[in-house]
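Q: Reconstruct the complex from the two isolated chains, following the hints.
Here the protein sequences line up with chains P and R, keeping their order.
Quick note on numbering: the first sequence equals residues 1 to 390 in the working numbering.
Quick note on numbering: the second sequence equals residues 1001 to 1084 in the working numbering.
Take the hints with a grain of salt, since some may be wrong.
Under the rule of at most 20 Å between Cα atoms (straight-line distance), these lysine to aspartate or glutamate pairs were calculated in the EDC-like manner [claimed, not checked]:
1) P/K247 / P/E388
2) R/K1083 / R/E1027
3) P/K371 / P/E319
4) P/K234 / P/E341
5) R/K1040 / P/D284
6) R/K1077 / R/D1032
7) R/K1049 / P/D248
8) P/K349 / R/D1050
9) R/K1040 / P/E279
10) R/K1055 / P/D356
11) R/K1049 / P/E352
12) R/K1055 / P/E352
13) P/K234 / P/E9
14) R/K1034 / R/E1023
15) P/K371 / P/E334
16) P/K78 / P/E139
17) P/K75 / P/D138
18) R/K1003 / R/E1024
19) P/K379 / P/E319
20) R/K1049 / P/D356
21) R/K1077 / R/E1027
22) R/K1049 / P/E364
23) R/K1049 / R/E1007
24) R/K1049 / P/D244
25) R/K1084 / R/D1002
26) R/K1040 / P/D282
27) R/K1079 / R/E1033
28) P/K374 / P/E334
29) P/K75 / P/E132
30) P/K247 / P/E276
31) P/K383 / P/E334
32) P/K371 / P/D386
33) P/K379 / P/E9
Calculated directly from the structure, the hints in this document are not laboratory data.
As the structure is a prediction and not an experimental result, all values here were calculated from the model.
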Amino acid sequence: MKESDIFVEVECSQWIKNGQNVCGDAFQSTRLQNENRLIATLADGLGSGVKANILATMTATMAQRFSAANRDIMKFSKIMSDSLPICQVRKISYSTFTIIDCILEESARIVEQGNPPFLLIRNGVNVPIRRERIGGEDEARAIYAASFSPECGDRIIICSDGVSQAGIGSRDYAFGWQTEGCRDFVLNVLKDKPEISARELALLVRNAAIAKWPDRIAKDDISCAVIYFRRPRKTLVLSGPPFDQNKDKEYAMFLRSHRGCSVVCGGTTAQIVARELGERIDIDMNSAGNDLPPVSRMKSASLVTEGILTITRAVQYLEKMSWPKDDPASMLVEYLLNSDEIRFVIGTKVNEAHQDPSLPIDLEMRRNIVKRMKVALEKKYLKIVDVEYI
Amino acid sequence: MDKITVEICMGTTCFVMGGSGLEEFVELLNDDEKKNVEVKPSTCIGLCKDREYGKAPYALVNGEVVAEATISSIATKVKNCFKK
Chain P
1 MKESDIFVEV
11 ECSQWIKNGQ
21 NVCGDAFQST
31 RLQNENRLIA
41 TLADGLGSGV
51 KANILATMTA
61 TMAQRFSAAN
71 RDIMKFSKIM
81 SDSLPICQVR
91 KISYSTFTII
101 DCILEESARI
111 VEQGNPPFLL
121 IRNGVNVPIR
131 RERIGGEDEA
141 RAIYAASFSP
151 ECGDRIIICS
161 DGVSQAGIGS
171 RDYAFGWQTE
181 GCRDFVLNVL
191 KDKPEISARE
201 LALLVRNAAI
211 AKWPDRIAKD
221 DISCAVIYFR
231 RPRKTLVLSG
241 PPFDQNKDKE
251 YAMFLRSHRG
261 CSVVCGGTTA
271 QIVARELGER
281 IDIDMNSAGN
291 DLPPVSRMKS
301 ASLVTEGILT
311 ITRAVQYLEK
321 MSWPKDDPAS
331 MLVEYLLNSD
341 EIRFVIGTKV
351 NEAHQDPSLP
361 IDLEMRRNIV
371 KRMKVALEKK
381 YLKIVDVEYI
Chain R
1001 MDKITVEICM
1011 GTTCFVMGGS
1021 GLEEFVELLN
1031 DDEKKNVEVK
1041 PSTCIGLCKD
1051 REYGKAPYAL
1061 VNGEVVAEAT
1071 ISSIATKVKN
1081 CFKK
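Just chain R, with the same shape it has in the complex (with noise of 0.2 Å):
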């Protein structure tokens, strides 16, 4: 199982739009996912800026925009990249 990357946007705009607590996601997870996710805050990603990814709060699970992203919009992304 190769590792995942996921990216969590603590910036103002993600966190009003219901960023906080993003991280809990793993929860969500097995054991043995849960061993392979790396979770890293981030100061704003930028991609509020730009309306070409959708609406805030962001994550990126291995580079790829996770849009109003919640705990398990984020949980299915990491799922899935584990099955490919």
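Isolated chain P, as found in the complex (with noise of 0.2 Å):
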């Protein structure tokens, strides 16, 4: 597997038990750029509420440092369950953890104590991978270790026991969901969507679970984390005439050579790149909204829109991290973070019309309003971002 060709797509879906206010559960993950490395943890913590957050949170926290060190298992998991607080009522303390950690092109380690077992997706059948034990006093304690070398297309789901054992002394679910009712589940959904999201089959997990309890009323905390190993989605955002004209082919070809998604934002731009290519630009009068004009459909781009004023609304919807349906600017929002890596290529052309003092609103420069994207989209949705001009 080389770096270049994977995306590890990581989301965790969680659910809080009836009656609390934080999730007993803890999910952590770290991307360690310069190792190629990815490390998870998901903690369930004894008890439920705050008292179990902070076990979870302490549990997940030592975890992924220790980890990303490279210290013993052994030895850290011990270190782990003397830190943690021990519980008034019970006198222990105590909180199931499962570590992933994975170098991205050869090989994923999973140590497991107490969680249910993960499960290893592959081509639609689940894999089974032997897990090892490794030390642990008892068997509640037990520490189970697993390797293997992870391809593209699998995906890695942990869950804590509140999706194994959801619905548990139910009339339909007595002894619960359990990790096959959950793994069934799974691959019924790979069966119709093959190329689902982590993050849309962590919440569907999440939802399955939920609704096995009686009313929906979840007697414990659920947690699904889901690693997704796969081909990283590119988009190509074309925004802006270039300032020398003799690039505009070159502009176009970005179009026509790019493999994946690709946006043109910008009238002019579309016309551009539709007269270089050959292609013809139709409106979309449906898809006009919250002020915004509409966008257009063009054989080599996957959206147009208009430029600046599109722009510049998806920058607040991206900073607000909140957006309305079906606008052209949610729509290119959407685009966005479907993506792992988006390049951004802007002409540099400034529009003499839009710095006409007589029009009602201030038109941002559109170099300053992508370096306002670009920095949305690292920090808040820690998207792979590229800017370059021409």
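A: Below is the structure:
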């Protein structure tokens, strides 16, 4: 597996036990870019509520840091367990955990204590991986480890016992949903949606677990994390005419040679691209909304929008982390967020008409607004963003 | 009755100067006129860069520029074209 060929999407979806304010499970993930490595931990603290949350968060935080520092699991699991505050009611301290330590081109190692066993889904089937007991004083605290080489398309699914025991004691699920129930559910989902994102799959599992409880009243915290090894989704965004008209052809050809999703922001930009590629632009009048001009369709682009107004609005949505459905700026936001790597190619020719002081609103400079968009996408959404000017 | 083409600029300048909704000029036409009008929304026509055409928003009625276009000014222009 080559670094550039694989993107690892990591998402966790949680639901809080009925009557509590915080989740007693904690999930953390870290990318160590220099080592081409990803570490993720799901911990489930004893009990529920704030107490469980503290146990789980401490455990996950320690596990992440000890793993990143390459400390021996047996040593640090003892340190973790000794460090946790002791429950006044139960006189014990305890938090289960699952740690995934993955070096992207090479291997994945999964260490588990107490959580339901992880699932590895490859080519639509569950692949059993041998788990070796590496320690633990008794069965309740047994620590298991498993290793394998991740392949493109693999998904690792880890859950707290709130998933496997969902509905326990109820008429329909006397013994809970069980790991097998969750596994079959995931396999069925993947049959219909083999490309489903980690985010969506984690959410579906969580929702299915909630639904196992009578009246959807969950009696435990529910967490499902999905780690999905896949080809990176790359999006190209062209906006603004090139400074030098002689570069129009080169600019348009970016669109032709790009593999993946492509967006054109700007009417003049769209005309340049359409002219150079010999394509036509069709405006979709039904798509206008929220005071934004409508989007258009073009053969070589996944989406064509107006330029500065739409980009400015999209930046506002990204910064607020909230947007309405189906206006042109929301459509742009959805394309960007469904990507892992986004490349902006920004034409630097200034539109003189936009500088007219009699315009009723200030139009932001394209370069400035794209800079703001890059910051929002990188900081808030962890996207890989590249901006170049032409 | 010859068919009349009305292009409405949806470029940024025209849009912020009140170009959104100009396509509703058809509501001011009678049924016969409505049948013989083709409305084509367009990306920036490029007139805003050049002062000689007046101010945005712009529409083109059978290729003739309507500057500072409004629903009624486009409808009037279209009706005049039918009379020719």
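Q: Hint by hint, note whether the structure agrees.
A: Cross-check of the supplied hints:
{"no.": "1", "hint": "P/K247 / P/E388", "verdict": "holds, 14 Å"}
{"no.": "2", "hint": "R/K1083 / R/E1027", "verdict": "holds, 18 Å"}
{"no.": "3", "hint": "P/K371 / P/E319", "verdict": "holds, 13 Å"}
{"no.": "4", "hint": "P/K234 / P/E341", "verdict": "holds, 5 Å"}
{"no.": "5", "hint": "R/K1040 / P/D284", "verdict": "holds, 10 Å"}
{"no.": "6", "hint": "R/K1077 / R/D1032", "verdict": "holds, 16 Å"}
{"no.": "7", "hint": "R/K1049 / P/D248", "verdict": "holds, 19 Å"}
{"no.": "8", "hint": "P/K349 / R/D1050", "verdict": "holds, 16 Å"}
{"no.": "9", "hint": "R/K1040 / P/E279", "verdict": "holds, 17 Å"}
{"no.": "10", "hint": "R/K1055 / P/D356", "verdict": "holds, 11 Å"}
{"no.": "11", "hint": "R/K1049 / P/E352", "verdict": "holds, 6 Å"}
{"no.": "12", "hint": "R/K1055 / P/E352", "verdict": "holds, 13 Å"}
{"no.": "13", "hint": "P/K234 / P/E9", "verdict": "holds, 14 Å"}
{"no.": "14", "hint": "R/K1034 / R/E1023", "verdict": "holds, 12 Å"}
{"no.": "15", "hint": "P/K371 / P/E334", "verdict": "holds, 19 Å"}
{"no.": "16", "hint": "P/K78 / P/E139", "verdict": "holds, 15 Å"}
{"no.": "17", "hint": "P/K75 / P/D138", "verdict": "holds, 16 Å"}
{"no.": "18", "hint": "R/K1003 / R/E1024", "verdict": "holds, 18 Å"}
{"no.": "19", "hint": "P/K379 / P/E319", "verdict": "holds, 10 Å"}
{"no.": "20", "hint": "R/K1049 / P/D356", "verdict": "holds, 10 Å"}
{"no.": "21", "hint": "R/K1077 / R/E1027", "verdict": "holds, 14 Å"}
{"no.": "22", "hint": "R/K1049 / P/E364", "verdict": "holds, 18 Å"}
{"no.": "23", "hint": "R/K1049 / R/E1007", "verdict": "holds, 18 Å"}
{"no.": "24", "hint": "R/K1049 / P/D244", "verdict": "holds, 17 Å"}
{"no.": "25", "hint": "R/K1084 / R/D1002", "verdict": "holds, 10 Å"}
{"no.": "26", "hint": "R/K1040 / P/D282", "verdict": "holds, 9 Å"}
{"no.": "27", "hint": "R/K1079 / R/E1033", "verdict": "holds, 8 Å"}
{"no.": "28", "hint": "P/K374 / P/E334", "verdict": "holds, 15 Å"}
{"no.": "29", "hint": "P/K75 / P/E132", "verdict": "holds, 17 Å"}
{"no.": "30", "hint": "P/K247 / P/E276", "verdict": "holds, 11 Å"}
{"no.": "31", "hint": "P/K383 / P/E334", "verdict": "holds, 13 Å"}
{"no.": "32", "hint": "P/K371 / P/D386", "verdict": "holds, 10 Å"}
{"no.": "33", "hint": "P/K379 / P/E9", "verdict": "holds, 16 Å"}
The earlier numbered hints are all upheld by this structure, with none contradicted.
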